[in-house]
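Visitor: Using the hints, position chain G against chain P.
Protein chains in written order, with my numbering: chain P, 1 to 185; chain G, 1001 to 1269.
If you are wondering where the hints come from, they were derived from the structure by calculation, not from laboratory data. The beta-carbon is built from N, C-alpha and C at its ideal position, and this holds for glycine as well. Heads up, a few of these hints could be off.
[Claimed, not checked] Here are a few chain G residues that face chain P, going by a calculated C-beta distance under 8 Å:
1) Thr1040
2) Thr1042
3) Gly1211
4) Ile1218
The lines below spell out each chain.
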Amino acid sequence: MELLAVLLPLAQEEAEEGGNGGLEILLPPTNELIAGIIAFAVVFFFVWRWAVPAINRALEQRQAAIAGQIEEAEKAKAEAESLRSDYRSQLDQARAEANRIIEEARETAEQVRADIVAKAEEEANQIREKAREEAAAEKSRALAEARSQVGDISVDLAEKIVGESLDAEAHQSLIDRYLADLERL
Amino acid sequence: MDQLIIAVEECAYETEPVCAPADVAELFVYTETLWNTPITRTIFLMGLAALIVMVLLYLAYRQPRLVPTKFQAMVDSVVQFVREDVSIGIIGPEGVKYFPYLLSIFLFILVGNLFEITPLVNFPITSRMAIPAFLAIVTWFIFVIIGFAKNGFGYLADVVWPRAVPVVLRPLVGVIEFFSIFFIRPFSLAVRLFANMVAGHVMLSILLVTGFVFVTNIGEIPLKGSFGFLWFALGIGIFVFEILVAVLQAYIFTLLSAVYIQTSVHPEH
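For reference, chain P alone in the conformation it holds in the complex:
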């Protein structure tokens, strides 16, 4: 608008002087108009028939590539996820297996220990029993021997003291009494 303010008086001046400049600026000369139309038409035709399809192709290519990459990444992610869960389940299995083995070993050891202890106890009992039996047998044997020897000695002793043989009945009762006394000792 400012320019018009400058140009219009200028044009009037020109007109007054009889020149044909000034407004000529605002009206395109025919040759330039034709050249401009042709130049733009060529550009438009090129853009419309070649450039825009090429631009769209490039765009689609890029979109397809990006979509493919995303899909691939998702696939890889899913694969990794399944691998991870595989590994985790394997790890869990291995851990459970290890626990089972340890548990078994502990049970076995416990068993072995109990067996050994039981056996040892049994053996100890057997030894003790045997010792007791032996002692008892020894005792009764010694007692029987002592009884017969004491009887003989007593009879001998009594014969010697009394100097005469006692009747059989008195004899026997004497021995028994003596033995009873002896047992009380």
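Guide: Below, chain G without anything else, positioned relative to chain P:
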């Protein structure tokens, strides 16, 4: 440019702080032809701009790689910006249909604008009315045809009798809308681009040429000549600024074309 340098050298160094040519229009009227053909410099540059746009696209999309090269990524980011943010972003999902047109105008105008600051070219073809006017008229045809094709006569009825506005205001708003849509839109679209590029081109030409002439004549006019450095520095600053303007104006033209098409596709908005 030679005319301009002559004009500047002819001016009175002692009295004028900035040397402007007597006729600014001279900067934009090219009548010389190249190689004895009807091709003027502007026509040649239009063809060159078309060629550059096509070569850029061809090189970027000839063999698109999945991992793009730097060049491909650069072109692709511009293309995707027009596709996603302008075509689909403004018009909606069906904006893809208008993507070829929007991409063509964006790249063609962008290259045409950038000629302003391209060394050895230094002339934006969009500072001639031909391209802005033609493209604005094409955009106008597109949105008017789409408006009628999508909504039938209701398109025109909605414009002149806007039901979103209170009844008393409808005739007034209707008239304003009618002129705004069918007459002002193409005119403002073309003039906005054209005027921006003309202004940038005039500023750059005057500052850089004045600076150049002053500095090269510093022996004769020491005080005035040293001003040449200032004009030159200013010219360089505006040179950088014009890169922004070139990109921005191409963007605005494309964006407004998309917005106009969108209002025809969905007139209720």
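Visitor: Under the constraints set out in the numbered hints, which ones does this structure not fulfil?
Guide: 3, 4
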